[in-house]
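Let's have the full structure, built from the sequences with the hints guiding it.
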Amino acid sequence: MAPTRPARPRPGPRKTGRQRDNLPRQAAAAAPPDPWDPQACQGLIEQLFALREAMIDNARRLEPWLAAVDPIHAGSALNLAHYLALRRQDLRPLQEQLAWLGLSSLGRAETHVLASLHKVLGILHRLVGRPWQPLADDEPVGARRGPARLRDHAAALLGPAGHGRDVRIMVTLPGSAAGDPALVDSLVAAGMDVARINCAHDTPEQWAAMALHVRKAARRAGRGVRVLMDLGGPKLRTGPVAAAQDVVKLRPARDAVGRVLAPARLALRAAGSAAAAEGVAATLGVEPAWLAALAVGDRLDTVDARGAERRFVVAERHADHVVVTSEHTAYLTAETRLRRHKGRGRSAQTGLHDLPVAQGVVHLKRGELLRVAADGVGRDAMAAAEGRRSRPAVVVCTLPEALAAVRKGERIWFDDGRIGGVVRRRLRGQLEVEITHARDGGERLAADKGLNLPDTALELPALTAKDLEDLEVVARHADLVGLSFCQSADDVVVLRRRLAELDAAHLGVILKIETRRAFEHLPEMLLAAMQGPRAGVMIARGDLAVECGYERLAEVQEEILWACEAAHVPVIWATQVLETLAKSGLPSRAEITDAAMGERAECVMLNKGPHILEAMRTLDDILRRMAAHQSKKRPLLRALAAWRRFGERPDGGGSPAERTDAATR
Numbered sequence: 000m001a002p003t004r005p006a007r008p009r010p011g012p013r014k015t016g017r018q019r020d021n022l023p024r025q026a027a028a029a030a031p032p033d034p035w036d037p038q039a040c041q042g043l044i045e046q047l048f049a050l051r052e053a054m055i056d057n058a059r060r061l062e063p064w065l066a067a068v069d070p071i072h073a074g075s076a077l078n079l080a081h082y083l084a085l086r087r088q089d090l091r092p093l094q095e096q097l098a099w100l101g102l103s104s105l106g107r108a109e110t111h112v113l114a115s116l117h118k119v120l121g122i123l124h125r126l127v128g129r130p131w132q133p134l135a136d137d138e139p140v141g142a143r144r145g146p147a148r149l150r151d152h153a154a155a156l157l158g159p160a161g162h163g164r165d166v167r168i169m170v171t172l173p174g175s176a177a178g179d180p181a182l183v184d185s186l187v188a189a190g191m192d193v194a195r196i197n198c199a200h201d202t203p204e205q206w207a208a209m210a211l212h213v214r215k216a217a218r219r220a221g222r223g224v225r226v227l228m229d230l231g232g233p234k235l236r237t238g239p240v241a242a243a244q245d246v247v248k249l250r251p252a253r254d255a256v257g258r259v260l261a262p263a264r265l266a267l268r269a270a271g272s273a274a275a276a277e278g279v280a281a282t283l284g285v286e287p288a289w290l291a292a293l294a295v296g297d298r299l300d301t302v303d304a305r306g307a308e309r310r311f312v313v314a315e316r317h318a319d320h321v322v323v324t325s326e327h328t329a330y331l332t333a334e335t336r337l338r339r340h341k342g343r344g345r346s347a348q349t350g351l352h353d354l355p356v357a358q359g360v361v362h363l364k365r366g367e368l369l370r371v372a373a374d375g376v377g378r379d380a381m382a383a384a385e386g387r388r389s390r391p392a393v394v395v396c397t398l399p400e401a402l403a404a405v406r407k408g409e410r411i412w413f414d415d416g417r418i419g420g421v422v423r424r425r426l427r428g429q430l431e432v433e434i435t436h437a438r439d440g441g442e443r444l445a446a447d448k449g450l451n452l453p454d455t456a457l458e459l460p461a462l463t464a465k466d467l468e469d470l471e472v473v474a475r476h477a478d479l480v481g482l483s484f485c486q487s488a489d490d491v492v493v494l495r496r497r498l499a500e501l502d503a504a505h506l507g508v509i510l511k512i513e514t515r516r517a518f519e520h521l522p523e524m525l526l527a528a529m530q531g532p533r534a535g536v537m538i539a540r541g542d543l544a545v546e547c548g549y550e551r552l553a554e555v556q557e558e559i560l561w562a563c564e565a566a567h568v569p570v571i572w573a574t575q576v577l578e579t580l581a582k583s584g585l586p587s588r589a590e591i592t593d594a595a596m597g598e599r600a601e602c603v604m605l606n607k608g609p610h611i612l613e614a615m616r617t618l619d620d621i622l623r624r625m626a627a628h629q630s631k632k633r634p635l636l637r638a639l640a641a642w643r644r645f646g647e648r649p650d651g652g653g654s655p656a657e658r659t660d661a662a663t664r
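Quick note on numbering that gives the first Met the number 0: the sequence shown kicks off at 0 and runs consecutively.
Because the hints were derived from the structure by calculation, they are not lab data. Since we're looking at a predicted model, the values are computed, not measured. Treat the hints with care, since some could be wrong.
Straight line, CA to CA, 20 Å or less: simulated SDA-like cross-link-like pairs of lysine to any residue [stated by the list, open to error]:
no.: 1; residue 1: K631; residue 2: G141
no.: 2; residue 1: K364; residue 2: L457
no.: 3; residue 1: K448; residue 2: C547
no.: 4; residue 1: K248; residue 2: K364
no.: 5; residue 1: K607; residue 2: K631
no.: 6; residue 1: K215; residue 2: S185
no.: 7; residue 1: K234; residue 2: E458
no.: 8; residue 1: K248; residue 2: A307
no.: 9; residue 1: K407; residue 2: H436
no.: 10; residue 1: K234; residue 2: S583
no.: 11; residue 1: K248; residue 2: P262
In C-alpha cells, the structure reads:
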C-alpha cells in the first residue's frame with residue numbers, strides 16, 4: 000500500500016477586504032531584508048574587510064612574538080594571531096547573515112582564518128558584480144594546508160596515527176611497570192601510542208626502567224611508542240595528618256532474628272611479638288605476664304569504647320597466644336582495659352597494644368572553621384573541655400609560600416573540589432577558612448590531597464628545584480616533557496633554556512593547562528612553546544574544573560581546543576577519561592559520552608587502573624566509530640546505515656526484526 004498523501008489543510012475563515020489589504024503591509028514589516036540585496040551584500044563586505052584589517056593589525060602588534068617562533072611554526076603562529084583578532088568581537092550577527100546567504104559563516108575557520116575570510120569576500124564580490132582580485136599572498140595557510148599542518152605537527156609530536164583512528168591513546172604507567180615488562184608489552188599490544196610516566200611519583204631509577212621497557216616493547220611490536228615524562232611541578236597538596244589508631248570492632252554471627260550462631264573471636268598475644276592466629280577477627284597485644292597467667296575458662300571483663308560492659312571467655316590456649324570469645328558486639332581501642340578475674344576480689348588488668356593504625360584524616364563539616372598552616376601536622380578539631388578551649392581542625396599546605404599570597408575572601412578547594420571554603424582571616428603563618436562546600440554528613444580530608452586557590456595570583460615558578468634535577472633523567476629517556484602548572488610564557492622559556500643546556504632541545508614540550516591563570520595566558524604560552532620544533536597542550540580537566548568552576552569547564556575546554564587548532568598545536572584530552580571503567584571494570588554512561596568527545600583532540604589520556612586494558616579496548620572502539628561521524632567540531636554526513644532502508648517499502652521497510660537485522664549487517 001502506497002504511503003498516504005498528507006491531508007490538504009482546510010481553508011480558514013474568509014478575511015474581510017480591510018484584513019486582506021493589511022496582509023502585505025504586515026508581512027513586509029515582519030520579514031527581514033532581502034539577503035540578495037546589493038546593499039546588504041555591500042554591508043557584509045565592509046564588515047569582512049574591517050575584520051581583515053583587525054587581523055593584520057594584530058599580527059603587526061605580535062610581530063616580536065611571531066618572529067621568535069621556530070620556522071616550522073611561522074605560518075601557524077600568524078594564523079593564531081589572526082584567529083585571536085577574529086574572536087575579539089561578537090560575530091554571531093555576521094555569521095547569521097552569511098549563513099542566510101548560504102555562505103561559510105567562518106565557524107570552521109580555525110586552521111585557516113584569513114583564507115576562509117578571503118573566500119567569503121570573493122563570493123560576495125561576485126554576487127554584487129564587482130571585480131575581485133584574490134588575496135592569497137597574504138594567507139599564512141590555506142583551507143587544505145591548515146588542517147594538514149595540524150596533522151603533521153601531531154605526527155611529529157605524538158607519532159603517526161594508526162590502528163584505524165586519527166586519535167592516539169596515551170596511558171599512564173603504574174609504578175609496578177618498572178619491574179613488570181610483561182605489563183608494558185600488553186599495553187603496547189593493546190594500542191598504546193604514548194606512555195606517560197608521572198615524575199611526581201616513584202624514583203628516577205623506576206622512570207628509566209619504565210622507559211626502557213616501553214622502547215623494547217615497541218621494537219617487538221614493530222612500531223613507535225613515544226614516552227612522556229610529566230614533571231611534578233609546584234603542586235599544592237595537604238601535608239601529613241596525625242595518624243589515628245583504628246577501632247577494632249568484634250561482632251558475633253547472628254541469624255535473622257538475632258540469635259548468636261557463632262561468637263566473635265579475638266586472639267591475644269604478647270605485645271610486640273609476631274604470633275599469628277587463624278580464624279579470628281583480629282589479633283591484639285597484651286602484657287606478657289598477664290597473658291602467661293591466662294587459662295581456658297577465665298573470664299575477661301571490659302568497658303568498650305561506647306561505654307558498654309562486655310565479657311570475653313578464654314576459649315583456647317596456644318603456645319604463643321590465646322583465643323577469647325564473646326557473644327556481644329564490642330568496640331576496642333587503645334584506651335580499652337581487660338580485667339581477669341581469679342576468684343573473689345582478685346583481678347589483674349592489661350591495656351591493649353598493636354592496634355592497627357588507620358590513615359589520619361581531618362573531619363570537616365559546612366560552617367566549621369579550619370586552620371590552613373604553613374608547617375606542622377594536620378589534626379582534627381578538639382572540643383572544649385574543663386580548663387581547655389576548643390580548637391579548630393588544622394591542615395598543612397606543602398607550599399608555605401603560597402599562603403602568603405592568599406587574601407581574605409578568596410576561595411580555597413581541597414581534594415579535587417570535594418571540599419571548599421572561603422578565607423575569613425589571615426593569621427601569622429595560617430589562614431582561617433570557613434567550610435562552605437561539603438556533603439551533609441561532612442567530609443574527611445587526608446594527607447597528600449590537592450589544594451587549589453582559584454582566586455589567588457600565585458607567583459610560583461613552574462619548575463621546582465626537584466624538577467630541574469629530574470630534567471637530567473627526562474633528557475636521557477623521554478621524547479616529550481610535560482610542564483605542570485605552567486602559568487606564563489616565562490615558565491616555558493625557562494624550560495626551553497634548561498633543555499638546551501642538557502642538549503635536549505629536540506624534546507617535545509607539553510603545556511599542561513590546569514589553572515585559571517594558565518588558561519588566561521594560553522596564547523602567549525603557545526607562542527613561547529612554538530619557539531621549539533615540537534609543542535603540544537594537555538587539558539588537565541581535573542584541576543582546571545576546580546580552578547575555573549565545574550559549570551565553566553565545558554566552555555573553557557572548547558576555547559582551548561579552538562585556540563590550539565588555530566595554532567596547529569596538538570591537544571591531549573586528559574583526566575578521568577573512562578576512569579570508572581579502568582578502576583572497576585564497568586563504565587558509566589556519562590564517561591562513555593565524554594570519551595567520545597576525545598575525538599576532538601589528537602590524543603586521549605587514560606589513567607592507570609586494574610582494568611586498563613578493557614578501558615583501552617573500549618576507547619579504541621569509541622574513537623574508531625566517532626572518526627566516521629566527526630572531525631574536530633565539523634560533523635561528517637556519512638550514510639546512516641540504521642535508517643538506510645526506511646521508506647523503501649510502502650509499509651516502512653518490513654517488520655521491526657527485519658529492519659533491525661538489516662541495519663546491523
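Hint check results:
no.: 1; hint: K631 <-> G141; in the structure: holds (17 Å)
no.: 2; hint: K364 <-> L457; in the structure: violated (27 Å)
no.: 3; hint: K448 <-> C547; in the structure: holds (19 Å)
no.: 4; hint: K248 <-> K364; in the structure: violated (25 Å)
no.: 5; hint: K607 <-> K631; in the structure: violated (26 Å)
no.: 6; hint: K215 <-> S185; in the structure: holds (12 Å)
no.: 7; hint: K234 <-> E458; in the structure: holds (13 Å)
no.: 8; hint: K248 <-> A307; in the structure: holds (13 Å)
no.: 9; hint: K407 <-> H436; in the structure: holds (17 Å)
no.: 10; hint: K234 <-> S583; in the structure: violated (28 Å)
no.: 11; hint: K248 <-> P262; in the structure: holds (13 Å)
Hint check: violations occur at hints 2, 4, 5, 10; the rest are consistent with the structure.
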